[in-house]
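Each residue of the sequence shown is one higher than the last, beginning at 31 in my numbering.
Derived from the structure by calculation, the hints contain no laboratory data. Check each hint, because a few of them may be wrong.
[Stated by the list, open to error] Below, computed lysine to any residue pairings styled on SDA-like, alpha-carbon distance capped at 25 Å:
(1) K67 x A48
(2) K67 x T57
(3) K75 x L125
(4) K70 x E83
[Stated by the list, open to error] Label-pair ranges, simulated between beta-carbon atoms:
(5) G129 x V81: 42 to 48 Å
(6) L160 x K112: 15 to 21 Å
(7) R143 x S122: 20 to 26 Å
(8) I90 x M31: 33 to 39 Å
Using N, Cα and C, we set each Cβ at its ideal position, and we do this for glycine too.
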Amino acid sequence: MKNEIIRILQQNARISDAALGEMLGITAEEAAAEIAKLEKSGVIKGYSVIVDEEKYDKSIVYATIELKVTPQRDCGFDDIAKTIMMYDEVESVSLMSSGAYDLAVEVKGNDLRDVAFFVSERLATIDGILSTSTHFILKKYKEKGIFIDNEEPDERGLC
Numbered sequence: 031m032k033n034e035i036i037r038i039l040q041q042n043a044r045i046s047d048a049a050l051g052e053m054l055g056i057t058a059e060e061a062a063a064e065i066a067k068l069e070k071s072g073v074i075k076g077y078s079v080i081v082d083e084e085k086y087d088k089s090i091v092y093a094t095i096e097l098k099v100t101p102q103r104d105c106g107f108d109d110i111a112k113t114i115m116m117y118d119e120v121e122s123v124s125l126m127s128s129g130a131y132d133l134a135v136e137v138k139g140n141d142l143r144d145v146a147f148f149v150s151e152r153l154a155t156i157d158g159i160l161s162t163s164t165h166f167i168l169k170k171y172k173e174k175g176i177f178i179d180n181e182e183p184d185e186r187g188l189c
C-alpha cells in the first residue's frame, strides 16, 4: 500500500483523503493515517508545486552544473554536497555514479548573470571543487512526471 500511496501523491499531492481512500479501498481516516506515518518516518519529505515558468516568470533561469570534486578524507563527497546545498540558488544536489563529473547541481537564478556569478564566485571557490561545467536549461518539457507543455502533438508527429 505504501508504494501505491507514494505513486498517487506524486501525481497529485492535493488529493483528498477521501479520494485517496476510495482509490485504495480504505477509509479517508485510514488514508490520512497512512500518509501521517509516511511523513513521520521521513519517507515523505515534503510537497511541492510544479510551475510552468514560461507562464509565471520568463526571466527565471535554470542551469545544471556538473562538478568534478576531490572527495574529502573520512566523508567522501558529503561535506562538499552539504556546503553546496545550503545556498538559496541550489534546487538540488546529486552524487553521480560515474563519468566525467561527480556532483550534479541544479540552480535557479533571476538571469544568466546571477547563475554565472554563483558559479564563479561561490561554487568554484569551494575547497575540493576541481572544475565546473554549466548547462543552461532552455525549456522544460516534463518535470517530476508532469507534462509542462499541454499542447496536443500534431497528428502527423510534427511540431
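Right, here's what the structure says about each hint:
Restraint check: the Cα-Cα separation between K67 and A48 comes to about 17 Å, which is no more than 25 Å; the hinted pair holds. For a cut-off of 25 Å, the pair hint linking K67 to T57 stands: about 15 Å separates their Cα positions. With a C-alpha separation of about 19 Å, the suggested pair K75 and L125 falls inside the 25 Å cut-off, and the hint holds. Straight-line distance between C-alpha atoms of K70 and E83 comes to about 32 Å, which puts the hinted pair past the 25 Å bound.
Distance hint check for G129 and V81: the Cβ-Cβ separation is about 30 Å, which falls outside the suggested range of 42 to 48 Å. Between L160 and K112 the Cβ separation comes to about 18 Å, which falls inside the hinted range of 15 to 21 Å. A C-beta distance of roughly 22 Å is found between R143 and S122, which places it inside the suggested range of 20 to 26 Å. I90 and M31 have their C-beta atoms about 38 Å apart, which keeps the hinted 33 to 39 Å range intact.
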